[in-house]
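In case you want the letters, here they are:
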Amino acid sequence: MRRRTKINLNPKHVLIICVVLCISLIFISFRYSEKLTPVKSAVGAVITPMQKGINSIGSYISGKMDTLRSMNDLLDENAKLKEDVSGLSYQNKLLLQDKYELDGLRELFKLDQKYVDYPKVAARVINKVPNNWYNVFTIDKGSRDGLAVDMNVLAGNGLVGIIVEVHQNYSIVRSIIDDNSNVSGMFLKTSDTCIIQGDLQLLDEGKIKVEMIDKDAEVYDGYEVVTSHISPKFLQGILIGYVSDIQIDASNMTKTAYLTPVVDFERLEEVLIITELKESLIE
Amino acid sequence: MKRLIIIIIEIILCYLIQSSMSPYIALANVMPNLLLILVVSTAYMRGRMSGLLVGLFSGLLIDLSFGNIIGFYALLYMIIGYLNGYGHRIYSDDDYTFPILFVAISDLLYGFFYYVFEFLLRGRLNILFYLRRIVLPEIIYTVVISVLLYKLLHMINRHLDRVANEEV
Numbered sequence: 001m002r003r004r005t006k007i008n009l010n011p012k013h014v015l016i017i018c019v020v021l022c023i024s025l026i027f028i029s030f031r032y033s034e035k036l037t038p039v040k041s042a043v044g045a046v047i048t049p050m051q052k053g054i055n056s057i058g059s060y061i062s063g064k065m066d067t068l069r070s071m072n073d074l075l076d077e078n079a080k081l082k083e084d085v086s087g088l089s090y091q092n093k094l095l096l097q098d099k100y101e102l103d104g105l106r107e108l109f110k111l112d113q114k115y116v117d118y119p120k121v122a123a124r125v126i127n128k129v130p131n132n133w134y135n136v137f138t139i140d141k142g143s144r145d146g147l148a149v150d151m152n153v154l155a156g157n158g159l160v161g162i163i164v165e166v167h168q169n170y171s172i173v174r175s176i177i178d179d180n181s182n183v184s185g186m187f188l189k190t191s192d193t194c195i196i197q198g199d200l201q202l203l204d205e206g207k208i209k210v211e212m213i214d215k216d217a218e219v220y221d222g223y224e225v226v227t228s229h230i231s232p233k234f235l236q237g238i239l240i241g242y243v244s245d246i247q248i249d250a251s252n253m254t255k256t257a258y259l260t261p262v263v264d265f266e267r268l269e270e271v272l273i274i275t276e277l278k279e280s281l282i283e
Numbered sequence: 001m002k003r004l005i006i007i008i009i010e011i012i013l014c015y016l017i018q019s020s021m022s023p024y025i026a027l028a029n030v031m032p033n034l035l036l037i038l039v040v041s042t043a044y045m046r047g048r049m050s051g052l053l054v055g056l057f058s059g060l061l062i063d064l065s066f067g068n069i070i071g072f073y074a075l076l077y078m079i080i081g082y083l084n085g086y087g088h089r090i091y092s093d094d095d096y097t098f099p100i101l102f103v104a105i106s107d108l109l110y111g112f113f114y115y116v117f118e119f120l121l122r123g124r125l126n127i128l129f130y131l132r133r134i135v136l137p138e139i140i141y142t143v144v145i146s147v148l149l150y151k152l153l154h155m156i157n158r159h160l161d162r163v164a165n166e167e168v
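Protein sequences appear in the order of chains A and B. Here our numbering is used: the first residue of the first sequence is 1, the next is one more, and so on. Here our numbering is used: the first residue of the second sequence is 1, the next is one more, and so on.
Next up, chain A with everything else stripped away, as it sits in the complex (with noise of 0.2 Å):
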């Protein structure tokens, strides 16, 4: 005994329905996205929760093999070290006494610190989005951790990219090497700004692309560029990568380089979030 409803409905109509469904769907995120963020929250509320599960399994399926297939590595490696260690040791205490005295000369010449310290949060990388084209990731902190949207991102030392969109649970970092990305740099030595600017077709290279260099900058191959003070986004002196190639447009009016990035993207397990918003000038 199988009861079965069988409702007749032709493929074709629901198809045209469902078309023009999302394509209203589509409509209305264009015009007012702020009123489909409630419904991205609720579907984030129960699918982050599972992403962490899922997250977790596979960091440790990963750890275990790279514990196996590590293991005679490491002991080679250990055995090099022990030999490395003794005479770092030894440089170690001619270094600190070199800092001793940088230290008492920079009291003398009441030097001030190279980076101002911003207060930082650390946060996991959860999720990627799920297909090939982006550079769009997940954390697992959000509005109910004290982030907020524009909020920096970095690892390690360098700038990884800013938070586009925050739900309670979680948040959307955009990456600097997304194609949709721009980022306002300065070159620390010479202070003369630049666009930073993701770029796929450069990725594999693990390069990015850099624009609108003045002409008359004098800049050269392994200068550091930091994030400028013009950004409206970005805090000051974020060290973004080292540049090279440099070349001048056809345009013959500014120079453009490629710059690689030093933070690593392909292993971005950890990542800090600068809980401090540069302060807009329009308020």
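Since the hints were made in silico from the structure, they are not lab data. Note that this is a predicted model, so its numbers are computed, not measured. Ideal Cβ placement from N, Cα and C applies to all residues, glycine included. All the pointers check out, no bait thrown in.
Label-pair distances were calculated between CB atoms; the ranges are: (1) A/188 x B/151: 52 to 60 Å; (2) B/162 x A/28: 41 to 49 Å; (3) A/80 x B/112: 48 to 56 Å.
Counterexamples of contact, computed for chain B against chain A with all Cβ distances above 10 Å: (4) 4; (5) 143; (6) 156.
Residues of chain A placed beyond 10 Å of chain B at every Cβ, according to the derived structure: (7) 79; (8) 154; (9) 257.
Chain A is fixed; fit chain B onto it per the hints.
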């Protein structure tokens, strides 16, 4: 009813593996498109209607968790599911060639339309580069995975059919 629950679990599992496990399953920076395999094989095994609905919901899931334009993935996956539903007419129980061929063609279409809407409209004209760098590797990886995944999905489907027949 049972089938509905199983399909929902399949969609969520594929989505979770595809999005959260990417550092562990990606080869040469490319991930297989598991949701696409799911949509295509459901459409091939069950017909246009199922393909359409599974496509719609997997697309919406991606849209709601990532895209700032909601409905784009849903539309893409839905149309792929619907078109593959026509393949149900030549469905045979022990044929593994057609579904894999369908997966390859669908992934090519997916990659092409994705490029057109998200990259070409922003003035990135170098289509050959995107084909070589992203679309082709994704197709190859997806096809390889689909050999295994289709077999699994087919087994689940056959089991469900058998249970349904026994009840009648």
